[in-house]
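Engineer: From the two separate chains plus the hints, produce the assembled complex.
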Amino acid sequence: MTATAEAPAEIGAVETFEVTLRVKRQNPEGNDAHGPGEEYWEEFQLTCLATDRVLDALHQIKWNVDGTLNFRRSCAHGVCGSDAMRINAKNRLACSTLLKDLNPARPITVEPIAGLPVLKDLIVDMEPFFASYREIMPFLMTTGPTPERERLQSPEDRERFDDTTKCILCAACTTACPVFWTDGQYFGPQAIVGAHRFIFDSRDEGQWERLEILNDRAGVWKCRTAFNCTEACPRGIEVTKAISEVKHALNTGEV
Amino acid sequence: MTNHEYDVVIVGAGGAGMRAALESSQGARTAVLTKLYPTRSHTGAAQGGMAAALANVEDDNAEWHTFDTVKGGDYLVDQDAAEILCTEAVDAVLDLEKMGLPFNRTTAGTIDQRRFGGHTRGHGEAAVRRACYAADRTGHMILQTLYQQCIKQEVEFFNEFYVLDLILDGDPQAATASADVAVAGVIAYELATGEVHTFRAKSVIFATGGAGKVFKTTSNAHTLTGDGMALALRRGIPLEDMEFFQFHPTGLAGLGILLSEAARGEGGILRNSTGERFMERYAPTIKDLAPRDMVARAMANEVREGRGCGPAKDYVLLDLTHLEPAHIDAKLPDITEFARTYLGVEPYTEPIPVFPTAHYAMGGIPTTVRGEVLRNNTDVIKGLYAAGECACVSVHGANRLGTNSLLDINVFGKRSGVAAAEYAKTAKLAPMPADADAAVAGQVASLRATVGSSDGTEKVADVRRELQETMDRNVQVFRTDESLREAAAVIVGLKKRFENVAIHDRGQRFNTDLLEAIELGFLLDLAEVVVAGALARKESRGGHYREDFPERDDKNFMRHTMAYATSKGVKLDYKPVVVTKYQPMERKY
Ligand SMILES: Cc1cc2nc3c(=O)[nH]c(=O)nc-3n(C[C@H](O)[C@H](O)[C@H](O)COP(=O)(O)OP(=O)(O)OC[C@H]3O[C@@H](n4cnc5c(N)ncnc54)[C@H](O)[C@@H]3O)c2cc1C
Ligand code: FES
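As they're listed, the protein sequences go chains A and B.
Take 1 as the starting number for the first sequence in the working numbering and just add one per residue.
Take 1001 as the starting number for the second sequence in the working numbering and just add one per residue.
Only chain B is shown next, with the shape it has when bound in the complex (with noise of 0.2 Å):
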């Protein structure tokens, strides 16, 4: 065991990771632990764009960005947050630019807008070109300008090191409202020696991303299995609004990869069997732009009543055919090559069949404006923060906005960050218990003793795939009390049979079957997070569409959920939404 001290230890280097270490590395000794190189996070996915009303081709502003953030988040968006993340975008993506992001440019030279799904001028007029990118690479740029910012500032990685453990000093749960509680430190397992450290910090930032790999189809990678939150909810931290997840209109039909929405914003369109631009029957004003959920359902229902198409009618069509291929070609170039490579489909001549796939947490680790992690609805975790996907401010509140989760990283990132080291100057190390890496030692120990052994009978990838399938099958676009109550009891089977789970390899050194396994551990306590907030929200509010409770009920349920880990289950709790300017209103487009 090695032990290591930091000001600051900042948890995954993704976008949200690396924001915040070139913010805190400036004043503080700043340790950034990876699971991945940091330039294989899944940030560098991200293919769309990065909001920001610099108004560089057309009228725009920041209040008109608030409001379509919050509206588009079907109200359950904290419209203070709201209004920091969409203040704080301009100069969030100067910043970016002068770091040296090559941006697509105007022919003035400034940095070029599209439109993007939900994104419109004066309150829903009509769409703005507001999203800020380079081709379909945005995301791409972002994490490589990041890294090498983080190269330049010479910021120290620990790649592939999996941060397995939390430890706080206190209860979050037992202390009452003033005792403090503080974080103490992370446990790490280093995946090339299969050794565990120990990192005491003054400041800890969770930057570990999504959770995608609940479900079977997906645009995430194999590596988002929501570790941060699960960590945080293990040790008695809750999460927040955790059933409303992020279905993206257009995965590639069978597979999940993402085409991203800027298809739709350079003019392509969605076509059902009868060759239908069916949006317009759904969102007469903005069409094939309305906000994501809208989409996705729209696209599920088409299915549903027959107009799919393909053999087994299971699918719709995204249709670029109208646009010009040198079009495509400079704006769309990497979606298009991924149909080519993935569905033997060419986008110039033939429509891409697509399907939604889950694509986004909007819920995670409840934080405040600056990052600081909440273990409860009121009372902060000292030294402990959050950002980007794996956080929840909320921003994106029901339904987050195209682009604005890439803006969300960068703003939050920097504001943790900067907040991080800020405490880390006074803040005194608290302290971290002797025998603080026992309970992963104790873990990886177990894990490497089923390899061979008679006990362990089931196998991580089994469990994993029934987890995904009934998930897919129960808790997507369309959620009925039964389906739910399905999906429940089929994770209380899972969770007993992970116990019962074997490895096969009982290395040291590059043990990803082990971690694996620890992986999935993840996959099921948040799968059972998501499922219980889901049942117990008996209305209809973006991404969480209960098929029983179709209209928005904001007399009982405008509010966030606030999921707690106990020994008895999931235990749900709510905390009140924050309305600044805006009062709910339909969400109609």
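So that you can see chain A by itself, here it is in the shape it has in the complex (with noise of 0.2 Å):
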């Protein structure tokens, strides 16, 4: 619980400090001091390392405490979208947050990101999310005949779409959006990210079919600006800007 750090630590160890993990849980099949699906939250203590991330702390758990905590996770540095959480009431990935960096005098808390139905502890059904994904059409769509060699594009209009092509599919930002929570048709900040990154690019022809689904009562007018998406992104996009900049489109009809 205190985050002491051990006396000076040896030549070349990494410092150690203690830990508490507030997490968040339900289990529907039910254990012996729950019932299936009822949502509790159980305290774990650790004693960590300085260099350890959150992923690190629940794989302490998996591995030495309680194998049934749930989570996934696979690349481990930020890459493959895996483990997004709410962490300390804001949605990280687990495996690049820093446990040094979340003031770890405190207990740390972690729970399911929101607005997923959640299936166990910290898993959530994603495919709602992909389902939006998939209506805003993700693929390049062209016309005419197929070149021989690549579509040429200049350095200019390779930036024009660079942020949204970051995006890892985390649900990081949707699962932020206050709307995406009360509201059941919008289909969320990620969404729009992903048609960004097509309606901007300059070998695209599928630009106005696309914004024409964000035009829709699901999409794009349903942001109200809150920017919690934008705080949300591990990969750092501006979510929000993205978001104004297709607003932007569907108004002057220019991209």
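Be careful, since some hints might not be right.
Only pairs whose alpha carbons sit at most 27 Å apart, straight line, appear in this in silico BS3-like list of lysine-lysine [what the hints assert, rightly or not]:
(1) 247(A) x 1152(B)
(2) 24(A) x 1459(B)
(3) 1571(B) x 1495(B)
(4) 1575(B) x 1382(B)
(5) 100(A) x 1152(B)
(6) 100(A) x 1313(B)
(7) 1496(B) x 1216(B)
Honestly, the hints are just simulated from the structure, not real lab data.
Quick caveat: nothing in here was measured; it's all calculated off a predicted structure.
Structural biologist: As structure tokens, this is what we get:
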């Protein structure tokens, strides 16, 4: 619980500290103490290294304390998008959040991302999220014959949509959005980011079809510019800016 | 239990699996089974680039690329396969561009290219710009683009389905050379429900990726546990050249997270504790851009001889401080961010602590150039294909060149997809026994039964940690007879202990505790094969360096290892290397 660093670390050894992880849990099949689907909080006291991330702490629990704790993860360095979670009330990737950056003097809370059905512990149903992504037709659309060589694109045109190509589909933005939580229809910031990546690609000819989809009831006009999404994006994508560029295109008819 | 029937079943939705799916689903009913959501696959972690002699920025051709691949692989490369790889490279890159991949561009608007280790012009004269790239997120862009195309083509995915068995009709080892052995299908475990599914198929493609988790320090994902390789091995299929594992020079020290070779391609320099650019001593011509095995050994050697950096003198430094911050931001944004996030180092002004990290399995399931899986040196298993890192064609030989794997997954992913669909056109479904799922169901049930029982005394995490530690200590950059024997003995002990593991979670739904135990079983089997091959290979070649046999020995060892699992342990055999144009010569850079 206390975050006092251990006495001077040995040369070459990494410092350790004590930390409490408060994890929100739910087991659809229930267990000895809790009924099926019942939500509860559980605290774990851990000794962690100064280089440890939240994912390391979760692994420590799973591997040494309680193997029933469930979460998704794969790459462990912020590129696969498996482990978006609500950590101290903010959406982040567990694998790229260092414990020492979270004020380990106080318990660190870890919950599933909000707005998607919880399936077990930190695992949520990603299907509705991916369904929204599929809806905006996230693939290059072109007409005319396929060229022999590559389609040409200037570095400036390539730069135009660079930011939104970084998306790893982790859902941190969408599940940080208050409109997404309350409005069953809104397909959320990620789908707009996914559309932006093609709408502003000079090679693409499907922009008006996509813009039409975003103009729809469930689309871009639901955004209330809360900026939660931009803050939540672990890839540093300026999500709100991308959304406003899409709005601008709809208002002016120009991309 | 649920039964499914398809023309083609693809196991794995990384670059290789999805590239195959885009081909096979055009003419054959295809299902893709993947233990991860497709976009979580580790292809997305690839950074630096994909090789192809487009000659967009300077003179280049496929023959030079082939030569580099063969020489880089220390002459253990099958040269017919390398020719295909390098010749089809150009279309593989152009295909991706046409699918929408956002490559970096030259001022002329063409795909930009940059330097990478071991890629040269004129057979080694100087480094050449051959790597097509999208900043340091090339793999991410490939994975996204292929997934997007799969959405467009409405490819059918079974996400979070773990394939845990391969069903063959006929015994690949008992069958005589003329008898047919055919694939019947696979058995999969559905993570969300715990249900066991049987998939019958005319063709099956394994595209399950690497096995880096055999080691402790690795650039590979937690999920890269060599499942496809181990399943094949258990069903009597040999594994080829498994002792050849690539240790990438620049992993973040202590963590193993990769910093792409692109950092050196863009001008980064390796330095030891005296500040010396030590690669000048080891590879005078191309220095920091020598092939990975050489650079990794040079680094380990600097540390061994006391010129390491840091409090424990156990790493060297990757220096980017002489590069313009704007250039770093444009070309290497992600990896410099990794240094900031995980080590708190600012690459603009401070050099980055790095040390070799287990990165890539050159070996794998042996295949022909059409992706067909071999059950011995010559005969294929009908309908069974493998592609990507889990396969061994062999285009990488004893050491893969950087940017040749993203190429491999595209070229041979496509080829296997084409071949699998073509075979499925005329083939019949092979018979599948009614109890085909019994082995998996039994394994799952007996692991569940260990929950809370007094028999299971071992923890999965302990056995795995000890395995990874012994592999790092004994089977890494430097190997000796003694170190390998020690590793072999430890693995025997761990396999015994593994029989006695207990898990915690008895649930049906999302039981990742259970699956980690099963994955550990794969790792143990593969580690045993790696060590057996390494012990028998009394020479040094590419990624396999024996201090007690420091020279390459073409007379005795210019041949592929073929490892078989038998009831008496690993049995080794050998397969000739295909040589077309390039006679082995000394590998100097
Ligand atoms: C950090 C890093 C950087 C790299 N950079 C480069 C680079 O710049 N250039 C280059 O050429 N190469 C690079 N490589 C190597 C290259 O990225 C990989 O070799 C390649 O992407 C492997 O692709 P794959 O399709 O074979 O496997 P993966 O992309 O790993 O996909 C494996 C798939 O198999 C599935 N799977 C596994 N087991 C099972 C199972 N039991 N049941 C069902 N599904 C299963 C997984 O879900 C996944 O979808 C890099 C590698 C790493 C680790
Ligand atoms: S585990 Fe891949 S993003 Fe965190």
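Engineer: For the pair supplied as a hint, residue 24(A) and residue 1459(B), confirm whether the alpha-carbon distance does not exceed 27 Å.
Structural biologist: This hinted pair holds, its Cα atoms lying about 25 Å apart.
Engineer: Does the alpha-carbon distance linking residue 1571(B) and residue 1495(B) stay inside the 27 Å limit?
Structural biologist: 17 Å, holds
Engineer: Given the proposed pairing of residue 247(A) with residue 1152(B), does the C-alpha separation stay at or below 27 Å?
Structural biologist: Holds, at about 25 Å.
Engineer: CA of residue 1496(B) to CA of residue 1216(B), is that 27 Å or under?
Structural biologist: With a Cα-Cα distance of about 20 Å, the restraint between residue 1496(B) and residue 1216(B) holds, given a limit of 27 Å.
Engineer: Straight-line Cα separation of residue 100(A) and residue 1313(B) no greater than 27 Å?
Structural biologist: 25 Å, holds
Engineer: Would you mind confirming whether the straight-line C-alpha gap from residue 100(A) to residue 1152(B) stays at or under 27 Å?
Structural biologist: 43 Å, violated
Engineer: Mind checking the alpha carbons of residue 1575(B) and residue 1382(B) for me, to see if they're no more than 27 Å apart?
Structural biologist: Roughly 20 Å separates the two Cα atoms, so the pair holds.
Consistency note: the structure conflicts with earlier hint 5 alone.
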